[in-house]
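S.K.: Residue numbers (this note's numbering), protein chains in the order written: chain W, 1 to 519; chain L, 1 to 350.
It is possible that part of the hints are untrue.
Pairs of lysine to aspartate or glutamate residues, derived as EDC-like cross-links and limited to a Cα-Cα distance of at most 20 Å, are as follows [unchecked claim]: (1) W/LYS342 with W/GLU298; (2) W/LYS373 with L/ASP14; (3) W/LYS359 with W/GLU298; (4) W/LYS359 with L/GLU262; (5) W/LYS306 with W/GLU262; (6) W/LYS331 with W/GLU348; (7) W/LYS373 with L/GLU250; (8) W/LYS418 with W/GLU437; (9) W/LYS306 with W/GLU296; (10) W/LYS405 with W/GLU348; (11) W/LYS506 with W/GLU428; (12) W/LYS373 with W/GLU450; (13) W/LYS418 with W/GLU262; (14) W/LYS358 with L/GLU262; (15) W/LYS378 with L/ASP14.
Hints are computed from structural coordinates only; laboratory data are not their basis.
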Amino acid sequence: MLKIPLVEPGTVGPCPVASDALQGIKRQQTNPARWNGAGWPAFVATLRAGGVELAEGSVACGVYATDAGGTAYGLPHGVVIARNAGQVSFLLKTAQTHRVPVTVRGGGLTTEGESVAFGGVLLDMIGMSRVVSIDAAGLTVRTEAGIFWHSLAEELRRENLDYLSAPLNMTSSVGGTLGVGGIDVNSARLGCSADQAISLQVVTPSGEIVECSDSENGELFQRVILGYGQFGIITEATLRIRPYTPLRMYYYYYSSLRVAIEDLQILDRNDASDYSGILTIMDCAVNLLVAFDSDEREAAFHAHWKSRLRGYGETGFALCMAGHYALRPWKFREALYLLQRKREVFPEFRRAEYMRDKKMYDRTVVFSRAVWKHWGSKQMVIPDLATPADKFIEAVERGNAVCRKYFTHYTLYCVGIKLRPEHLPHYEMSCIPPGAEGWAYGCEFEPMIEGGIYSRDHFQSFKNAIYDIGVDMGASYYRFGGMMKGYIRRVFGDALVDRHLAMKRKADPAMILNRDVIF
Amino acid sequence: MPATLAKAPAAPRDFAACSGCSLCLLVCPMWRRHHDPRLTPEGMAKALQCGATAADLADPVETCSLCGACDPVCPERIDLSGMVMELRHQLAGALPPPGLPPMERPALFAELQARMQHEERPAGPSQVSLRSDTVFLPGPALRADPAFLERTVALLNLPVFADDGDDIALALELGADIPQTRLQSFVDSLRGHSIVAADGLLLRQLRRWLPGSKRMGLGAALCSRAAVRSNLAATDLYVIEPRACHADYERMVIYYNNLQIEIGCSLSLDLQRIAIPASAPGLRHRLGLAAADDDTQARWILRGRTPERIVVEDLADIAAFRRITDIPVVHLAELGGDPTMIRKTARAFN
Ligand SMILES: Cc1cc2nc3c(=O)[nH]c(=O)nc-3n(C[C@H](O)[C@H](O)[C@H](O)COP(=O)(O)OP(=O)(O)OC[C@H]3O[C@@H](n4cnc5c(N)ncnc54)[C@H](O)[C@@H]3O)c2cc1C
Ligand code: SF4
Ligand code: SF4
Numbered sequence: 001m002l003k004i005p006l007v008e009p010g011t012v013g014p015c016p017v018a019s020d021a022l023q024g025i026k027r028q029q030t031n032p033a034r035w036n037g038a039g040w041p042a043f044v045a046t047l048r049a050g051g052v053e054l055a056e057g058s059v060a061c062g063v064y065a066t067d068a069g070g071t072a073y074g075l076p077h078g079v080v081i082a083r084n085a086g087q088v089s090f091l092l093k094t095a096q097t098h099r100v101p102v103t104v105r106g107g108g109l110t111t112e113g114e115s116v117a118f119g120g121v122l123l124d125m126i127g128m129s130r131v132v133s134i135d136a137a138g139l140t141v142r143t144e145a146g147i148f149w150h151s152l153a154e155e156l157r158r159e160n161l162d163y164l165s166a167p168l169n170m171t172s173s174v175g176g177t178l179g180v181g182g183i184d185v186n187s188a189r190l191g192c193s194a195d196q197a198i199s200l201q202v203v204t205p206s207g208e209i210v211e212c213s214d215s216e217n218g219e220l221f222q223r224v225i226l227g228y229g230q231f232g233i234i235t236e237a238t239l240r241i242r243p244y245t246p247l248r249m250y251y252y253y254y255s256s257l258r259v260a261i262e263d264l265q266i267l268d269r270n271d272a273s274d275y276s277g278i279l280t281i282m283d284c285a286v287n288l289l290v291a292f293d294s295d296e297r298e299a300a301f302h303a304h305w306k307s308r309l310r311g312y313g314e315t316g317f318a319l320c321m322a323g324h325y326a327l328r329p330w331k332f333r334e335a336l337y338l339l340q341r342k343r344e345v346f347p348e349f350r351r352a353e354y355m356r357d358k359k360m361y362d363r364t365v366v367f368s369r370a371v372w373k374h375w376g377s378k379q380m381v382i383p384d385l386a387t388p389a390d391k392f393i394e395a396v397e398r399g400n401a402v403c404r405k406y407f408t409h410y411t412l413y414c415v416g417i418k419l420r421p422e423h424l425p426h427y428e429m430s431c432i433p434p435g436a437e438g439w440a441y442g443c444e445f446e447p448m449i450e451g452g453i454y455s456r457d458h459f460q461s462f463k464n465a466i467y468d469i470g471v472d473m474g475a476s477y478y479r480f481g482g483m484m485k486g487y488i489r490r491v492f493g494d495a496l497v498d499r500h501l502a503m504k505r506k507a508d509p510a511m512i513l514n515r516d517v518i519f
Numbered sequence: 001m002p003a004t005l006a007k008a009p010a011a012p013r014d015f016a017a018c019s020g021c022s023l024c025l026l027v028c029p030m031w032r033r034h035h036d037p038r039l040t041p042e043g044m045a046k047a048l049q050c051g052a053t054a055a056d057l058a059d060p061v062e063t064c065s066l067c068g069a070c071d072p073v074c075p076e077r078i079d080l081s082g083m084v085m086e087l088r089h090q091l092a093g094a095l096p097p098p099g100l101p102p103m104e105r106p107a108l109f110a111e112l113q114a115r116m117q118h119e120e121r122p123a124g125p126s127q128v129s130l131r132s133d134t135v136f137l138p139g140p141a142l143r144a145d146p147a148f149l150e151r152t153v154a155l156l157n158l159p160v161f162a163d164d165g166d167d168i169a170l171a172l173e174l175g176a177d178i179p180q181t182r183l184q185s186f187v188d189s190l191r192g193h194s195i196v197a198a199d200g201l202l203l204r205q206l207r208r209w210l211p212g213s214k215r216m217g218l219g220a221a222l223c224s225r226a227a228v229r230s231n232l233a234a235t236d237l238y239v240i241e242p243r244a245c246h247a248d249y250e251r252m253v254i255y256y257n258n259l260q261i262e263i264g265c266s267l268s269l270d271l272q273r274i275a276i277p278a279s280a281p282g283l284r285h286r287l288g289l290a291a292a293d294d295d296t297q298a299r300w301i302l303r304g305r306t307p308e309r310i311v312v313e314d315l316a317d318i319a320a321f322r323r324i325t326d327i328p329v330v331h332l333a334e335l336g337g338d339p340t341m342i343r344k345t346a347r348a349f350n
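Isolated chain L (complex conformation) (with noise of 0.2 Å):
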């Protein structure tokens, strides 16, 4: 990652600052499935004050799915996501060991590499015409449903922003090297609007990116919406998508302590006010060199509920949990039944 870019003034602390609380461990998913001490934040951040190198960290960086759920909780405050991201980046870029054949990378990594140096990105739509305007960055996994992306879209009712830098969350998330004329170009054409993503660790980046921004996660958006809202339910479990939510939790957990006192949802928070993960998808999985993440995750958030109905921010817990239960599960926009009653607000932007 560029250096000007990348190294953030909110990461204010590093690993070296780690006092052993075992706090972060509470809320990792790595922890609840493995009850493994070295795939933890904690462990990693403790393996590092005593010299190991990202090799040598090799297994739970790549385990991390980066939700987040320690950042917050960290009394240190050390960005224990961004030290994953840095290793993850430094696991890329490592070099083989001398007299050994070069390592082997998937393909997605040389893919990745030659979009991000060659091709041309649009620029934002024609709607966008104020530096001002709030604008939409769906992403590829809405973008890969045409139609649930136009249905969003209505209910958002906001453009949708061409280049929404779904090839930079990829390199986010793999540790690749984004090239600076590439980032540069993302976020300058970025400045001043103020930012729906529905990519929670694009949103996490685009914090440091572009401080002083507006920024708010998909499920946030939808939310603010009288349709989609006025059809929330005290009988719900409402499911936040935790990296959009532990990017910015201060803010986050009073906005959705608010939406629990006025709907009565349960909400897939712990006792620590953290967002559970409904899966928690490694690098592995994410780069299909591993099977599927397993059902732990979604079993935990369900354990001792019985919601009438699940509502999920993130398009891909709906899987998660259809494989678990016969309770419906609906996406947000699922919600929004009646277009014309789509207001635009901006109430959850601060």
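Just chain W, same shape as in the assembly (with noise of 0.2 Å):
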């Protein structure tokens, strides 16, 4: 019989799941226990006579009922809209003395729960969302950290500068993304969005107010970037900046992924475009995405690397699917759908107010909207594998094989991670799969939804079936955001969780902060 050990509130007792124990069990999506609210009225109390402002109710709490992946529910016994440093360190050290949990939510875009509050407060960065100030000649903003990455842009646009890697999605918050990653189409050369971080400003979890950087209290910084909010709270960063530049875009169509990964790779290894990245529409149509903003390095893709891409352009891919399809008229019903998704996904990357002089202007609002609105929904179901280069085809194929076992249709979105040697402190038990060297591939595995109704059940054994391959090649997760944690351990093994979780425990005595993402 399954022996559940006594757990003291407010702590985390041993972990039940071996690196064995899920195999060959049926799972379902198991959202942490509520916290049971014990000393929450003193607690309130503690902090109002404060001066910090807590919501509660269920219209104040409800609103956060769930993230982006909306298959985990739970609700905050109130909400705290972030302000300052100093309201948030108030804030742990109160929640410490009274062993309250505080989960940490910036856009809110994790998708297996992480930035949903079971019980305990909820405390919303975005509260903390201004720029503090722009260096235009050493190239670095200071911002507050839960601002959005797209309200960023639009300050430094003011003067013509731009970050230099972030989500493809205009409302992930900075903070939230320094601690799960971070891609980018630039992040094949950039590396992630962590890896701009200069220095922070963090609020730890016993509510000491801390700056840090990989020179001042470095472990502090190794263990916040890629953190996932276990060792504190950011609240303000230092990021690097450049000039901005507009895009030009080149698409190239395979009708094999494998072929498609295969030019990536090429193409990240010579160092031959400044973005680069795979977007699926179908098993037999496959997008590469290759862009430059520097002419130099345009010029160089076109007398070395052009002609060896395997890909063609749109009309030669139009060409060969005509007669692909000609050839078998039972297959009709995917001509049409790739027909459809031509007609309406394609005019999306190429309206006339992002294009000047067939250069696109501020991408990540034409991709974001993109997404937005053809892949978005109440559901987000992304689970992703991040695996050394080498690794990346296999990882790929079986993730793919898994999509077309759950779903008709389905969009998968690969890309190149640079990684950093002098950042190798940052990476350890995070997104970045060990072992790799150079460069890590991600990629994200989507379905369409297409107001088709599923279960959680469907998405959860889905997402499993895509995580499972993670552990049985050694890969990661590259948001890790989309990594659960009945996972980690099977990931990175006992002796390296257990000693991040003693870290944790003197760090977090009340093991209060973002509680249920790691531990």
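Got two chains here, separate frames each, mind docking them using the hints?
M.R.: Structural data, given as structure tokens:
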């Protein structure tokens, strides 16, 4: 019989998931148990006496009931909107004393409930959305960490500047992204968003306000970067930025995913493009995006690399497909779907107001609006895998087979992530797969729900099947936000997880901060 | 609002469809000013999903300026400004809780109701002989400045429609009831005409009430006159009236894009190509119950920009900019110096 160990309230007991514990067991989504509310009134009284505004009630809490994933549901006891580091510090100190869990939320774009509070306080970081200062000469920006990347881009553009890399999603917050990774179509050259952070202001779980960087309080910095909010709340960040440049986009079409990935990796290895990524439409219609913001690299691409790519241009591919389906008339539904996607989605990427002289302005706006319009819904089911370069094709093909089994239509989004040797300590127990050198590769598997009705179990089984590939191949999960707690030990092993758990216990004695995410 | 005319086919989805993507929040002036997720269209939509009532949402509903910026960005095609108008309507009609005295309404409501019930509206002016004529609805702000109105009318070379629906526009703003007979007579009188309206909110509703009609905001109409357009300069900052722009966004975003390419001026658009309102007065401000709007919006439009001149479509924006800058601010109508150059052109109509 399964023995459930007694756990002291406010602490986390031994992990019941042994490395092989879940094999063969039919899995279902299980939300963490809701915190029991012990001591809540005294906690609230202390907070309010200290001038912190805390909202309670079904509406105030209900709006935070789920995240972008829409499969995990939980209610906080109360909500605090972050205003400044002092307020966050007071909140955490009080929470430690009263052993009240605090769940931090930025854009809330997690998909496994990591930014959902199962009781306790939900701290909404987007209240801290000011840009503190821009150093145009030194190419850095200091910003409050609740700011959305898009709002940061708006401010930077007034000085003709831009951030380096951020999720292709305008409403991810800076703090939430630095905590989980952040992949852009330029990550194969520039690394993930977390690599762009120079220093952070962090409120530790016990409420200290600490400035940290690789050279100042380096250990805290290394744990907070890519740390899933376990070791502190990021309240401000100094990031590298750059002059703004529009892009010239090229699209190549493939009928083989494998060939497209090989070409993507050739481009990345040879530093042959500024931006690159793969977006599939169907198994037999795969789009490799190649883009440039530097004329030299674009010229070099045309001189040396373009002819080596095995993909077709749009017209060439349309002709190929026409021939393909003419010989297979029974596949007319597939052809119709392809045509429909082309008609609906392609114009989004060519809207006149974002194009000048054949260059695309504000790619994140273009991509993000298209993503939300064509893939968005109340349930974003996007499990992902991150692997070293040499294992990537196998991981993607296996993941693609899982998609085929569970859904009629789906999209894969693949991108490279340049690794910085000097950032190795940041990568420990993170989305960066152990053992990756040079580049890691990420693939996101996104079913097209298309108004279909699927049970939560169906979604969850699908995600588990993808995550299982990661365990089997020794991979990681490139947003990692997509990784479920039950997988952590299986992926990283007991020794590493226990070491991090010991650090967590030391930093967060009452285990209150984002406690259901990792440990 | 009478259901027959107010519920429009152009509003295909309601708050229940909100996925929480936050795209609407990025463009909302309430958000820019307060950085409070409750004071956003997303906050309202999600709260309604959780069972909030109009009374629970009184703060954001009254703070909203009905600029319409949130409508075109919503990937779920939720009619967000329509949602706020509906909530205002519910608030305006809300009964006090049992046992409490009747709620205090500003006298404006009663006056407006009386006007709409009793006032005999003049028919269109005699120049409007054909149903196909384009007519101009100037609205109260222009009417309050007869010289300016005369200049505008000369530039547009359009007849002023005597019933410009100012009471209906005000009722829309306040959430007051519009008697069915009043609305019907207004809409019927405009049927068949092409319409130029200075009030962006009225224009928004006319799209629903008169589907298929040709409508245009004052800014686009003036700008289609050569006398005006030829005086725009690449060094100008052109400030768009947001309501009219967002009410017909798909067409207007292309229109302004072309204007920018032609003139080279900068526009008051954000990176999502949404018109940034230069001021964002909420209901209380419009009712005179709150102090004037602050300068957050106008300052944000100007941040990092050093135009030689600011050209506005909306008269109210002149004051907003003059409060914060010495850069000359002019209305589009002031650009058309030489009335002999006025050419009648229907180019900007669809
Ligand atoms: C439609 C869609 C598209 C996406 N596209 C991309 C993409 O292109 N690239 C990519 O990399 N990701 C993508 N993602 C994933 C998502 O954008 C990232 O996970 C994102 O960076 C999370 O940011 P957030 O602000 O939403 O964080 P949240 O989801 O709010 O939080 C993430 C984690 O960090 C913690 N946290 C939040 N804020 C802080 C803080 N200030 N300090 C400490 N901890 C904090 C939370 O508790 C949580 O555990 C996408 C997601 C969706 C739904
Ligand atoms: S209409 Fe304007 S002010 Fe009102 S919610 Fe929408 S964007 Fe915000
Ligand atoms: S843009 Fe639409 S779907 Fe997205 S948060 Fe706003 S209301 Fe909801």
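S.K.: Look at each hint and say if it fits the structure.
M.R.: For each hint, the structure was consulted:
1. W/LYS342 with W/GLU298: This hinted pair is violated, its Cα atoms lying about 26 Å apart.
2. W/LYS373 with L/ASP14: holds (16 Å)
3. W/LYS359 with W/GLU298: Holds. W/LYS359 to W/GLU298 sits at ~13 Å (cutoff 20 Å).
4. W/LYS359 with L/GLU262: Roughly 18 Å between the alpha carbons, so the hint for W/LYS359 and L/GLU262 holds.
5. W/LYS306 with W/GLU262: Distance ~14 Å between W/LYS306 and W/GLU262 Cα, so the pair holds.
6. W/LYS331 with W/GLU348: violated (27 Å)
7. W/LYS373 with L/GLU250: The hint holds at about 15 Å.
8. W/LYS418 with W/GLU437: holds (9 Å)
9. W/LYS306 with W/GLU296: holds (14 Å)
10. W/LYS405 with W/GLU348: Distance ~29 Å between W/LYS405 and W/GLU348 Cα, so the pair is violated.
11. W/LYS506 with W/GLU428: holds (18 Å)
12. W/LYS373 with W/GLU450: Satisfied, since the Cα-Cα distance of roughly 11 Å is no more than 20 Å.
13. W/LYS418 with W/GLU262: holds (16 Å)
14. W/LYS358 with L/GLU262: Status holds; Cα separation ~17 Å.
15. W/LYS378 with L/ASP14: holds (14 Å)
Hint compliance for this structure: hints 1, 6, 10 are broken, all remaining hints hold.
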